[in-house]
Amino acid sequence: MKRARIIFTIIGIVASLSTIACSNTSQPSGEPQRELVIYSGRQQPLILPIITAFEKKTGIKVTLKSGSSQELANLLLEEKEKTQADVYISTDASLLEKLAQANLFTPITAQELSTIPAEYKSRESLWTGVSGRVRALIINTDLVSQAEKPDSIYSIVDPKWKGKVAMANFTNESVITHISALRVLHDDQFASNFLNGIQKNGVKVLSGHTGVRQAVAKGEFSIGLVNHYYGHLQQKESGNIEIIYPDQRDNQDGAFTNISGVGIIKYGNSSKESQEFVKYLLSGEAQKIFAELNYEFPLQANIRSSNTKNIGEFKKMNVDLHKVAKGLDETIQLIKGKGL
Amino acid sequence: MKQYNLLRGRAYKFGMLPIVSSSIFSVLLLVPLIGSFWYLPAVQAESFAYLRTYYWYPLLLTITLGIAVSFSVLFWASVAIFCFERIQGGIRKILLFFTPLPLIFPPYIGAITYVDIFKSRTMLSVLGGSALMEFLQATFVLSLFLYPYTFLLLFNRMQLINPQQYKILSLHTFTFLEKMRIFYIPHLKYAVFSGMLLAFLYTVADFGAVSILRMNTLTIRIYDEFIARFNKPEASLVTTSFILLFAGVFYLSRHLGRKSMVYKSNEARPLTYTPARSHPIALAGIALLLFLSIGIPLMKILWWCFLYMVDTSPLKAVWLTAKQSLFWVSITSFGIAGLMTLIATGSVFFFLAFTQRKTVLPYIPYTLALILHTLPGIVIVFGITIIQQFFDRTLLSGWLFFLSGYLFRYIGIAFVTIEPVICSISENFTRIGKVFLRSETSFMRTITFPLTKTSVMSSGTYIFFDSIRDLPIPLLLMPLGVEMLSVRIWQTASAGLYIYAAPPMVILLLLSLVPGIIYIRSSL
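Residue numbers (my numbering), protein chains in the order written: chain A, 55 to 394; chain B, 4 to 527.
Source of the hints: derived by calculation from the structure; they are not laboratory data. Here a beta-carbon is modelled for each residue, glycine too, at the ideal position from N, C-alpha and C. Treat the hints with care, since some could be wrong.
To be verified - Pulled from the structure, derived: some chain B residues nowhere near chain A, Cβ distances all over 10 Å: (1) ARG217; (2) SER497; (3) ARG524.
As the list claims (entries may be wrong) - Derived DEER-like restraints, expressed as beta-carbon distance ranges: (4) B:GLY251 with A:ASP205: 40 to 46 Å; (5) B:LEU104 with A:GLN243: 56 to 62 Å; (6) B:MET302 with A:PRO161: 44 to 50 Å; (7) B:SER26 with A:PHE244: 56 to 62 Å; (8) B:TRP331 with A:ARG358: 34 to 40 Å; (9) A:GLU135 with B:LEU248: 37 to 43 Å; (10) B:GLY251 with A:GLN155: 52 to 58 Å.
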């Protein structure tokens, strides 16, 4: 009995102390700590270097809450004015626009916003892109020769590649937004036919882009439809992957370009700190970190990345991201209607 | 002071306490279930059509995978038992320590270590396509890390068999099938069914391993429906179906579990019959099983740790930053699991110690808690989102909400471990205690706790062991601001960054090693 008591007491003390330690956010003394709560749809390890650098530079303490971009956007829509978030970071423009339409953002005042191209930021300055990503094809060079390599995303519905293509599932925000872009660029019927083609051609839908890149590298599939940086990540691991920026010819659509972006929550408690954070994200220092670590391209024309294609070096799909975002719910219905 | 009706020969206390505490417990435990049903009225007619059309495949896959894994688990457990019957001496004791040890590996860690090993272009994938290959891989991996549960059940049951019967069996020249028919099946049938059902439930409720192994089961669909599309009515429909399915399976498993339950009475003697010498094939069989279930995962993790140390890529810089937070993530995991152990075990112990038995009241929360424990974590989290709406958004409420998710999931373990022991306290103790002891508290302190402390300890150990590695609850509740080791591992591995998932894997395995071993030892 004595031993049991001792063990339970030890567990209790350690558990309580560690819980208190983890939840303690107050400053012991002196002036009040400047704080910022960020809801981040980016993977925590990939955003941590930027946050650490920001904390060092400004002295503002950041509380980071990570999850998927959709999950956090939905959380913000539920929480509304009760939220404790000050800033929302998303890996998709549509979700930012959706929250802007729900009147959850306050305008960004950072001067650096003017350096971001108009198509990658909100017209009302309610959100801005921070870095760019392209929907691209990756091919396994052991299985696909240079002569037969595809040059369009529509190749994935070509019977020639039946059963040889993989893509991420249709709950992934990048995939949904891409289909939404096709609806805007062409029409519903076009997008519907494309989805039919995907089903008919036996395109394998995997749980995420990582699964796609790994499966293509292993030779399970010849082609994968991913965001371009997944190709770069896989190239680091295996030498048999080539990235294709699709639809680059004159008569083709161009590659669909999406962004990772940020918005400041209207109901947050630290608007000054939030503005400082966005300003930092748009600075050259942060843009470089994004490009070097994540293989995404900087959105500012004067900042160049050495490890991926930069803005202006490929043909983009000419589509308005605001319109794409507005049609998001209809796109989801279209996708669901196909059972995807 | 309470009055006791000794004249009627029932030394149980009367009063409001059992009613009030049972009611509070029941209402609390009903929250996740009500939450799951909450959005049902909003379900549209099209949703039924949609689910009918497109959910049959995940449903079929989930059930088929569950059945395949339960049979595979039985196979591995039988191999282990079959080999043990042919091993003797010191080596037997050593192997008995190691054979259930794969229990330490959560299935998602097992899946992570194996997914990299599987080669795609095998004969099977050519013959049956990648879907069949993936199914077989998933069955193999899940069964490899779930078999200890069935092994422990079977081994325990076999310990109750009289050694004389083994001797008689060995003296006759029965064929293998005859031995199975007249000896093994009659003795072990309930333990076998119970073990298989356990494996089935674990598989159907699994989230981490199946997602790594690309199995699009129902838990994954709920996750997608809930997280990506935020479609609460349809998610509600699926979770409700899940609850009904699990309630049925739960009833069956309880029924079988009771029949196969092992109470070590005086008549039960440990298995002492061993062969004259260890059979080399039996030794090789166990060695192969241990190599597959412990050797390969460990080698893989250590290899990744080595690669992590020598890594010089730009990502290493990122992970050096992440490493700083890994310490706090580990402390958080330990803290949450420790608190959960104390809260779940303590509350159930006090509840049962002070409430009246032989009435239906305590059995309502008891049954609810057990159903909640069998349900997938993802269903529970969906259920409790309903209370999220009433919370303000402070860090403290986030923590409380986070803990409540765990509590609903793990309180069932405390009930199932402590309740039978408290019930087995003789009525005479109660009567004598009421006469000689001054209060209920002193009765609890001097009689109930000393008699039940072993089961309280095992309950606490298992809750700690299981909650520190749980994945769906911390993953879905991560936006509340609490990160656990399991989430760090799953997210990193899902991004294909295995070498960065290795350090948290090592920490998690170390943290769960001691409670895991204690749990295994107490089960043997």
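Practice task
May I ask you to test the hint 44 to 50 Å on the CB atoms belonging to MET302 (chain B) and PRO161 (chain A)?
Solution key: With a Cβ separation near 55 Å, MET302 (chain B) and PRO161 (chain A) fall outside 44 to 50 Å, so the hint is violated.
Practice task
Given the range 37 to 43 Å, decide if the beta-carbon distance of GLU135 (chain A) to LEU248 (chain B) lies inside it.
Solution key: 39 Å, holds
Problem - Outcome for the supplied range 40 to 46 Å, where the beta carbon pair is GLY251 (chain B) and ASP205 (chain A) - result: 54 Å, violated
Problem - Outside-interface status for SER497 (chain B) - nearest CB in chain A farther than 10 Å - result: 6 Å, violated
Handout entry: Minimum Cβ-Cβ distance from ARG524 (chain B) to chain A exceeds 10 Å
Key = 15 Å, holds
Practice task
Note whether the CB distance of GLY251 (chain B) and GLN155 (chain A) lies within 52 to 58 Å or breaks it.
Solution key: Check failed, 44 Å falls outside 52 to 58 Å.
Practice task
Just tell me: holds or violated, for the beta carbon distance of TRP331 (chain B) and ARG358 (chain A) against 34 to 40 Å?
Solution key: 36 Å, holds
Practice task
May I ask you to test the hint 56 to 62 Å on the CB atoms belonging to LEU104 (chain B) and GLN243 (chain A)?
Solution key: Once the Cβ atoms are compared, 59 Å apart, the range 56 to 62 Å for GLN243 (chain A) and LEU104 (chain B) holds.
Handout entry: Verdict for SER26 (chain B), PHE244 (chain A) (Cβ pair) under range 56 to 62 Å
Key = Hint holds: Cβ distance 59 Å, inside 56 to 62 Å.
Practice task
Decide, holds or violated, for the assertion that all CB atoms of chain A are farther than 10 Å from the CB of ARG217 (chain B).
Solution key: 6 Å, violated
This entry does not satisfy hints 1, 2, 4, 6 and 10, going by the numbered hints stated previously.
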